[in-house]
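Colleague: Chain by chain, the residues:
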Amino acid sequence: MSEPNASSASPSTNLAEIKDLSVSFITDAGSIKAVDGVSFTIPRGTVVGVVGESGSGKSVTARSIIKLLPETATTSGAVMLSKRDGTGELDVLSLSGEDLQRMRGSEAAMVFQEPNSVLNPVYTIGWQIEEGLRAHGMKDKKQLRAKAIDILKKVGIPDAETRVDYYPHQFSGGQKQRIVIAMALVLNPGLILADEPTTALDVTVQAEILDLLRLAKDEFGASVLIITHNMGVIADLADQVVVMYRGHVVEQGDVEQVFYHPNHDYTKRLLASVPRIGQQLVVRDLDGRAIEREDDWRDQPIAVEAKGLTITYPGHLMQPDFVAVDGIDFTIRRSEVLGLVGESGSGKSTTGRAIAGLQKVSGGSLKVLGVEMNGVKERDFKPKRADIGFVFQDPGSSFNPLMTIAQNVAEPLIVHGKYRDVAEAREYVGDLLEMVQLPRVYMNRFPHELSGGQRQRASLARALALKPSLLIADEPTSALDVSVQAKVLELFKRLQAEIGFACLFITHDLAVVDMLADRVMVMHKGRIVEHGDTEDIMQHPQDPYTRKLLASLPVPDPREQRAHREQLHALLAQG
Amino acid sequence: MGESTATKVTVPGDNRLANLEVSKKPSVFSRLPIVRDLKIAVGWQKAMLITGLVITAFFILVAIFAPVIAPYGYSQIRGDDGVAFPTQAPPSAEHIWGTTVGGFDVFSRTVWGARTAVIAIIVAVVLSIFIGVFLGLVSGYFGGWVDRVLVVIADAIYSFPSLLLAILMAIMISGGQSSLWGGILASGVSITVVYIPQYFRTIRAEVMRIKNSAYVESAKVVGASTWRIMTVHLLRNSTRTLPVILTLNSSEAILTLAGLGFLGFGIEPTAAAEWGYDLNRSVADVTAGIWWTAVFPGLAIVLIVLGITLVGESLNDLADPRLRARKSAGEVIGSIEDTSVEPNVEPSADNEYAMSLMSAAPGAADADGKEPDHE
Numbered sequence: 001m002s003e004p005n006a007s008s009a010s011p012s013t014n015l016a017e018i019k020d021l022s023v024s025f026i027t028d029a030g031s032i033k034a035v036d037g038v039s040f041t042i043p044r045g046t047v048v049g050v051v052g053e054s055g056s057g058k059s060v061t062a063r064s065i066i067k068l069l070p071e072t073a074t075t076s077g078a079v080m081l082s083k084r085d086g087t088g089e090l091d092v093l094s095l096s097g098e099d100l101q102r103m104r105g106s107e108a109a110m111v112f113q114e115p116n117s118v119l120n121p122v123y124t125i126g127w128q129i130e131e132g133l134r135a136h137g138m139k140d141k142k143q144l145r146a147k148a149i150d151i152l153k154k155v156g157i158p159d160a161e162t163r164v165d166y167y168p169h170q171f172s173g174g175q176k177q178r179i180v181i182a183m184a185l186v187l188n189p190g191l192i193l194a195d196e197p198t199t200a201l202d203v204t205v206q207a208e209i210l211d212l213l214r215l216a217k218d219e220f221g222a223s224v225l226i227i228t229h230n231m232g233v234i235a236d237l238a239d240q241v242v243v244m245y246r247g248h249v250v251e252q253g254d255v256e257q258v259f260y261h262p263n264h265d266y267t268k269r270l271l272a273s274v275p276r277i278g279q280q281l282v283v284r285d286l287d288g289r290a291i292e293r294e295d296d297w298r299d300q301p302i303a304v305e306a307k308g309l310t311i312t313y314p315g316h317l318m319q320p321d322f323v324a325v326d327g328i329d330f331t332i333r334r335s336e337v338l339g340l341v342g343e344s345g346s347g348k349s350t351t352g353r354a355i356a357g358l359q360k361v362s363g364g365s366l367k368v369l370g371v372e373m374n375g376v377k378e379r380d381f382k383p384k385r386a387d388i389g390f391v392f393q394d395p396g397s398s399f400n401p402l403m404t405i406a407q408n409v410a411e412p413l414i415v416h417g418k419y420r421d422v423a424e425a426r427e428y429v430g431d432l433l434e435m436v437q438l439p440r441v442y443m444n445r446f447p448h449e450l451s452g453g454q455r456q457r458a459s460l461a462r463a464l465a466l467k468p469s470l471l472i473a474d475e476p477t478s479a480l481d482v483s484v485q486a487k488v489l490e491l492f493k494r495l496q497a498e499i500g501f502a503c504l505f506i507t508h509d510l511a512v513v514d515m516l517a518d519r520v521m522v523m524h525k526g527r528i529v530e531h532g533d534t535e536d537i538m539q540h541p542q543d544p545y546t547r548k549l550l551a552s553l554p555v556p557d558p559r560e561q562r563a564h565r566e567q568l569h570a571l572l573a574q575g
Numbered sequence: 001m002g003e004s005t006a007t008k009v010t011v012p013g014d015n016r017l018a019n020l021e022v023s024k025k026p027s028v029f030s031r032l033p034i035v036r037d038l039k040i041a042v043g044w045q046k047a048m049l050i051t052g053l054v055i056t057a058f059f060i061l062v063a064i065f066a067p068v069i070a071p072y073g074y075s076q077i078r079g080d081d082g083v084a085f086p087t088q089a090p091p092s093a094e095h096i097w098g099t100t101v102g103g104f105d106v107f108s109r110t111v112w113g114a115r116t117a118v119i120a121i122i123v124a125v126v127l128s129i130f131i132g133v134f135l136g137l138v139s140g141y142f143g144g145w146v147d148r149v150l151v152v153i154a155d156a157i158y159s160f161p162s163l164l165l166a167i168l169m170a171i172m173i174s175g176g177q178s179s180l181w182g183g184i185l186a187s188g189v190s191i192t193v194v195y196i197p198q199y200f201r202t203i204r205a206e207v208m209r210i211k212n213s214a215y216v217e218s219a220k221v222v223g224a225s226t227w228r229i230m231t232v233h234l235l236r237n238s239t240r241t242l243p244v245i246l247t248l249n250s251s252e253a254i255l256t257l258a259g260l261g262f263l264g265f266g267i268e269p270t271a272a273a274e275w276g277y278d279l280n281r282s283v284a285d286v287t288a289g290i291w292w293t294a295v296f297p298g299l300a301i302v303l304i305v306l307g308i309t310l311v312g313e314s315l316n317d318l319a320d321p322r323l324r325a326r327k328s329a330g331e332v333i334g335s336i337e338d339t340s341v342e343p344n345v346e347p348s349a350d351n352e353y354a355m356s357l358m359s360a361a362p363g364a365a366d367a368d369g370k371e372p373d374h375e
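Chains as they are written, first to last, in full-length UniProt numbering: chain A, 1 to 575; chain B, 1 to 375.
Do not rely on the hints blindly, as some may be mistaken.
[Unchecked claim] Example chain B residues on the side facing chain A (calculated, C-beta under 10 Å, incomplete):
no.	residue
1	V146
2	L150
3	S213
4	Y215
5	G223
Rather than coming from a laboratory, the hints here were simulated on the basis of the structure. By construction, the Cβ of each residue, glycine as well, lies at the ideal position given by its N, Cα and C atoms.
Please take these sequences and the hints and turn them into a complete structure.
Modeller: The following block contains the structure:
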């Protein structure tokens with residue numbers, strides 16, 4: 001049944017063709033249709049970007065192309081994949097057993113989101129790269145090793161001859177993703193499916209991986225299907241764009257057309273909600289007047305002051321302590337928004353947690369609302385907790401799943417004795433929910449019954465329940481889709497202008513900081529490398545790291561991004 | 001403005017959405033552990049679960065209604081007319097499962113035995129679950145040396161054979177031959193000692209998993225006391241796997257009680273009916289071709305343990321999504337929106353009704369006065 005389709009003997013320009021694909025899943029909650037009648041084509045030697053929000057079916061579509069779906073899935077429609085050597089086409093969905101194994105890897109390979117979980121920690125990377133070759137019939141050991149070293153060199157792993165025998169934990173996250181891409185490229189497949197290949201990576205590493213995928217197209221002649229929710233990545237890499245929404249393809253076209261002349265309303269909205277550097281976020285009241293803070297934050301008293309703040313994590317046996325935050329100084333004034341930007345591991349979250357009293361301060365001084373946090377006793381800090389709100393990154397896990405939204409939001413009120421129980425606090429909780437633009441009736445729902453954006457708003461309501469004078473927001477929007485993120489950011493800006501709390505806004509996204517913050521602090525390896533007014537830093541970054549960070553951030557505009565990429569390459573060549 | 005309505009795109013050729021209704025929120029009853037599991041189970045897992053539940057329910061009913069079901073008392077050896085029962089009589093109209101060497105009615109003894117078994121389970125579970133859960137919470141949440149000491153003790157106890165412990169307990173509590181409560185306590189205590197580490201381990205693992213989750217940190221940021229975090233946030237979220245150990249614990253309790261009885265450390269026949277004791281007394285009968293004294297109590301033990309274990313094992317499988325069997329996927333009718341789990345539908349009417357009740361409550365009105373509005 002898996003004979004190559006002889007009827008299409010002429011080598012078509014399309015490498016893959018997805019025709020009316022539908023995929024359904026059986027779950028505990030009943031049957032769910034994930035993809036509904038999707039059709040699009042992947043031409044030879046091009047990069048096709050699939051964008052869409054979470055749950056739009058983009059990953060399922062990509063996985064269907066190599067039939068990598070769980071048992072609970074049912075498919076209909078067809079996925080036609082031309083063979084690399086042009087000898088015919090395969091109907092992927094009808095393949096099974098050995099034919100399927102032969103197709104996977106040699107015709108189409110997959111690059112996953114999280115390189116850490118893709119690589120097997122107990123085998124060397126060389127062995128893992130060779131595994132793909134062995135699976136496709138290559139036996140000679142010397143040849144296998146030569147191939148592995150060759151491909152590692154091509155994806156830019158330095159000193160490949162020795163490092164081929166290293167284990168995955170000896171590489172950084174970006175290098176691991178390079179190795180995963182090497183594993184995909186080594187069989188020279190016609191199609192590479194990259195499912196959010198850069199989402200788990202820092203922005204500077206992301207730029208390198210995107211360059212590598214471009215290399216896969218240019219030097220290996222492969223087509224790349226890249227799935228992402230990041231419009232910047234699409235602008236940087238893709239030749240063609242497929243926009244998906246709720247399991248349907250709403251728009252397909254080349255990248256210029258989709259970015260500059262979008263046809264579908266959803267595409268337009270998606271593009272409008274992408275944050276860009278230099279874009280001012282202005283919130284308006286019902287009459288259309290801009291809401292501004294009444295007082296200038298520069299005249300306000302200091303809410304948080306750090307002097308030589310150091311935070312170390314104790315090392316394990318025989319290992320030195322890890323210094324997460326290394327002697328930093330900063331202040332946050334009342335009604336000021338301070339943006340704290342940095343890559344993962346830079347110590348930005350640790351700083352935020354220390355201010356909230358979740359992390360012990362090991363050295364220096366940190367004064368939060370007048371309380372010295374170095375060596376603070378919980379008893380002394382507890383009254384101040386009512387004055388501090390905290391918004392967590394993942395709205396999914398920051399609510400007790402067994403309590404209703406009302407109970408969760410009322411928790412700080414009850415803990416600080418404002419109300420005796422939830423029933424008493426209901427009226428006020430309802431007001432809070434309305435303040436964050438959630439309907440009152442959501443009070444009786446459980447957290448899992450709300451969408452991500454709704455949950456993050458409820459989280460904001462909880463943080464503001466006690467009318468804190470200081471709010472710490474730790475990546476509050478990075479788990480949200482762009483359109484939802486835009487709404488949450490707008491709400492945030494509005495509330496900040498109205499209430500005037502001091503805020504530490506922690507994020508890795510420079511564009512978000514640019515929209516919200518009065519001042520920006522850039523952290524790198526536990527130190528503050530640059531600190532100043534937002535506009536200054538965005539327009540005239542001084543520190544080389546800040547410059548690299550800004551240059552690595554892909555601009556959601558294909559033409560601008562081309563110039564921007566040149567800048568990055570020039571910058572990297574310099575230093 | 002709800003984002004769901006704002007971001008809705010028209011999907012070509014799909015007007016089925018209008019015909020669909022908001023699914024009803026599951027009632028409290030259907031979210032109870034076993035009821036919920038029964039609903040999601042399919043195929044052989046469902047058969048296992050139902051079989052187990054039926055057997056278990058049967059024994060519980062027999063235990064409750066033992067005085068009604070059993071024609072005679074557990075220690076009765078004469079009829080109402082004062083005539084002694086025949087000994088070792090084969091099944092007949094008067095004694096449907098025959099009589100034992102001591103003249104007891106086998107059917108009555110077996111029925112009354114269910115009562116002893118159920119009491120033994122309850123004692124064993126009650127004794128171990130509270131201590132185990134409490135220790136698990138404390139150990140998991142605080143960590144440090146408390147945790148290490150408790151873990152070492154728990155590991156040491158694992159290596160104890162529970163029957164040996166039970167024999168020791170039986171001798172300590174009642175000098176070997178015991179009363180109803182003596183025997184039950186002996187098996188209960190030994191089970192408790194062996195099972196506390198299991199509850200402890202499970203709860204500790206769960207607590208360690210969730211104590212770093214954002215909602216516990218969020219409670220800390222808010223300033224909730226340690227006691228409140230442990231009872232309100234951790235306890236309820238860490239009891240997911242309890243039903244499984246609970247059932248396995250129960251079947252172990254019965255086996256220990258029966259083992260004690262069989263070894264002669266059981267409950268005196270005049271104090272209560274106990275299957276293990278009956279089995280012990282029937283050993284000699286088996287070689288004489290008297291089958292009825294051994295078969296019925298033996299079957300009772302096998303069945304009750306089987307029933308409870310079936311429930312426990314299937315709950316265990318169902319709790320783990322990787323082991324859970326699902327219906328085979330058929331083509332789903334309806335569009336993405338129809339089948340989406342994302343709750344972008346308006347709240348159902350009963351919710352709003354509940355809200356109107358709540359806002360009418362006097363407490364809510366008071367609260368409004370105390371706390372000024374946010375705007």
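Colleague: Would you list, in rising numerical order, the hints stated earlier that this structure does not obey?
Modeller: 1 and 2
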